[in-house]
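Quick mapping for you: the protein sequence lines, in order, are chains F and G. If you're matching positions, the first sequence starts at 1 in this note's numbering and goes up one per residue. If you're matching positions, the second sequence starts at 212 in this note's numbering and goes up one per residue.
Calculated directly from the structure, the hints in this document are not laboratory data. A quick note: this is a predicted structure, and the numbers were derived from the prediction, not measured. Check the hints yourself; a few may be wrong.
[What the hints assert, rightly or not] Looking from chain F toward chain G, a few residues come up when the C-beta cut is under 7 Å (computed):
| hint | residue |
| --- | --- |
| 1 | Phe156 |
| 2 | Leu160 |
| 3 | Leu165 |
| 4 | Met169 |
All residues carry an ideal CB built from backbone N, CA and C; glycine is no exception.
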Amino acid sequence: MEQGALLTGLPAAFFYLFAFVAVAAALMVVSSRNPVHSVLYLILTFFNASALFLLTGAEFLAMILLIVYVGAVAVLFLFVVMMLDIDFAELRTGMLQYAPIGALVGLVLLAELVIVLGGSSFGPETVGAIAQPIPDLAIRENTAALGDVLYTEYVFFFQLAGLVLLVAMIGAIVLTLHHRRDVKRQDISRQVARTPETSIEVVEVESGKGI
Amino acid sequence: MSIDLNSGLIALAPELVIVLGAVSLLMIGVFATGSGVRIVNGLAVAILIFAGALVILMPTDGTAFNDAFVSDSFTRFMKILTLIGSAVTLVMSVGFAKAERFDKFEFPVLIMLATLGMMFMISANSMLSLYMGLELQSLALYVVAAINRDSVRATEAGLKYFVLGALSSGMLLYGISLVYGYTGTVEFEGIAAAVTNGEERQLGLLFGLVFVLAGLAFKISAVPFHMWTPDVYEGAPTPVTAFFAAAPKMAAMALLVRVVMDAFEPLTSDWQQIVAFIAIASMVLGSFAAIGQSNIKRLMAYSSIGHMGFALVGLAAGTQAGVRGVAIYMLIYLAMTLGAFAFILAMRRKGGNFENISDLAGLSSTNPLMATALTVLMFSLAGIPPLAGFWAKWYVFLAAIEADLYALAIIGVIASVVGAFYYLRIIKIMWFDEPLGRLEPVQGELGTVLGVSTVFTLLYVIVAGPVEAYAEVAARAFFAG
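So that you can see chain G by itself, here it is in the shape it has in the complex (with noise of 0.2 Å):
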């Protein structure tokens, strides 16, 4: 079902929201004195909620401007997923900004543009609109990764990022133009439609495909290409660090999702291999290569490559029980890891900031509400039940056992015990080491994001019914015609 123009920019009524804002906010930024970033971080949170109103609020089903947008319930369930990484990641740099000396007001403008691409990224219905909402996203990342300028380490993080992600650009477009060579057109109905009605399998158009994937896997920093993946997190300053974690994982997901799903859901059973390949890499890799880290940003870049894995499971499934696994799990794991890198930001002894793991020895006995608030958290990460996390898994493995992949699941539950160490490693040093010290006071409100995110992991059973409900609904999107 198409929309005509002007039901299509209702539709596109939160995105118009975001881009009216971050442009106002632009000019506020520049022309307020003193006070102007908190007022711009404050105005842009504001924004971000007002969008994810609008997506609740305003719910309108189907494809505008010719097919390029589309919004069904699996985009409003992940933009709204989205929204809530980049708000939380803002309300959370607050702190950082005033201690660190972090005070750029087009921190927010750029978080706020990231997101938009972000938004038109889920909503891609054509491939067109799927690159230039990655370029959008991509580009602002690239900018905020390098934000801390005078930091050796960030620009070299920033510039980093900027090469490779060029390069997985490039290789998505080749990806694109193969595609489209072999179907004549870039939406995504009409490349499922010409797959259906050709003759022949083309191998030419499993080339593009593989492209495409490889691409996308980029994004989602999935092995075999998440190699920048441990250097970004570490280089970038923290706040950073916490919105590449969180929302643009989100996004790149459902865009994967979208692709394989709507355009090339005639080829099922040639990227089920890929994708089922991708989470085994992607979740292997993640548990080994964690072990052996002591900085915690590090760790956490190897735990999000895990924890790709684990949800692209689902996706490998390929079925609708496997498509609402995908979207629980990067429910669940966008609340464990806002809370896990609020406590990241709230480590704080006198000299600053500091990283190191084994810096945390004994907080049990210095802070014992916040080693207890992470002892859940990795627990949950670990995916002990029954907190948040194993659900999450659960859901996942469920679907690949029910499409029949029971050595995706087995490998899965492998590296998910293998993984489990690091995260135990953590409690292990909080719980029975030589007490450091104090850590300094936590802000209000990381302490908050700490607190609701530990709350909802710990839980998580109680609102299980609902959230598994509206996964369900947002997963029949693609099921419905």
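Chain F with its partners taken away, still in its complex shape (with noise of 0.2 Å):
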């Protein structure tokens, strides 16, 4: 596709489809009533988000965004929302009192970009000096293309993303990890190792009395 060109025919009427869901899903998320509802929402946001992804043709991006978001993410928010019992029409009652000021300033914000944004323009220069351009279909793949970059040239970026994942498990086990002490549990070595030596007493009792 030429730079700068507008869209036109299939992919256009595609890509405005796509938007206009992804959008008002997205405001069904945070307006619906039910909870449930919302995370099905969310879903179905990640779905045409993930599409327009493979618009754009990035499709590695347009998969994990499902495997990961709708596959783990959204199908555990889902639980969470199901097992948790919160009052969420209580949570709810300041929102109108909110929802005007939040309007007021995402309004100005969107303003904002608007005018900035639409008053500057991408340059061609810029497309020419991306450092990893994502190359041709027709060549390479875009998951292979990632593959030869991810592992070579980005491998500290790579390394330390693994300790960010470590640091989250850490955190998650020291802030659920309850060990409770009161809770009698198998311990299937200390069972076995049990002898009759060590388990069984004989005691001589002298009759008329208790041990």
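Need the complex rebuilt from these two chains, each delivered in its own frame; the hints are there to steer you.
Below, the structure written as structure tokens:
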């Protein structure tokens, strides 16, 4: 596609379809009354966002969005929403009160963005300067192109991401793991290691007396 | 100058030591029983000191990993400050852990991982490493803030910090994406080159700059992104608060300096306005809002907001003298803050720790030594000559005046005078109010930290020469090329 050309034809139709559904579904996420519906709308938003990624030729991002967010995160959300007994109607009471201010701030920011981004253009020289341009799909697939650099040029960032995940794991354990001492747990190695000598005691009981 | 992979790993040696140390300590903590917490804590301090020694003894200059990681005199200076902040916090937490049942071996490990994130922040040379380092640090800090999970206040502090921190990360990322859109690169040198070679100044790029600065200002708790600070400082356990006030500020300030001096150097006149505004707002709010505080941890929160404002005055100058001023300011701020928190941790009577300033009444007659130490620290925080705090302010204001930022310097001095009120109030309460009773005996490590920091602030003039020379070398890293 030529730089700076407007989307036309079928791609344009699909772009607007996905974009409108994504925005509408996102609005429903925050405004729907039932939290389960909110999560379902969230999944709809993710699907449309992933379709938008597909339109730009980023098929790896599209798939990863579905797998990670819909497959794992949204399902987790659903479980949490269903399991926790939270009165969402009560949580929502303040919303109408804050909504006007929030909407005002959002509108001001939107207006600023439109003015700024409308008045300046992402210049053509920028496209030439991109360090890792997306290769043509016919030459190299997106996923393979990512793999080319992820473990070589970007290995530093890859390892750092691993450390972030390690911290997340430690944090989850620190904040949620309770060592309860009042619960009896089965310790199979101790059970197996028991012998008659350690567990049976022969006591001579005098007649007329207890132990 | 870029280094190949093997030398790159050598440049990364201090960080690697901390990674391996943190992972092994995690194992030791899980399997050691009984005094495991103390062992892990002690080893963590040893590893941090060892990493600091590596930073000093194995200096490498240049960038590694395709310009993602930079090492120069400035990164070394700030890394040493960060490591001191983390190690001293761990030392101070020992007694608190015993008294308040704050005994989780994960605490030192998380502090180490947070420190690791800070070191990556300091050495960040591209927007990607900036963000990864920042998230590594922040995620560990969120957990540490809420580590006392049975306390409602601590969990509230952790949650508040997490939600606002995630928001600021979002702003930062949005800014980074805009900057990438207008320059085509995430590397700092590349951004600077793209801005210099571009035909005209793009408004959208400035928009990205504003968002990036907003995200970073949140991390140093500068006004108007400071709202989380007093609540988090008050709610978190005191050793955690001490850590928040010391180490992360060093790293975030270093990162801010690196971003504006390297990546946005061609846009100096633009970011100068933003930094000057943030500096003024922080100084003024830090001074006025602290007046009404009765809790000493909240007071220190506002004090830290104000001090970040003063440090930013040096950055606003945008000169070598300014960066030197920031470096010296952070060093002196670190010393004073650690001393003040050693005192706060030592504020114990029979009923346990107290945090109200009014409970310090008459401390001069019951614990004269401690009262004197805190008096010196408070005078220094207020910026009374010839204590260290005065010299810190002197360098940044001098840089501002040399850069013709007279208004900024004058507002700074006025804010400093207003701020002196609440520091002096503490001194007045300690020396002239009716005594309330003795404190419990101070633990050795707290006494040592308090003593060292008091002596440092008192006798700063003696070491001013070498400190200034070292900071000068650090600041030159941005002006050599």
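Let me make sure I understand: some of the numbered hints might not hold for this structure. Which ones are they, in numerical order?
3, 4
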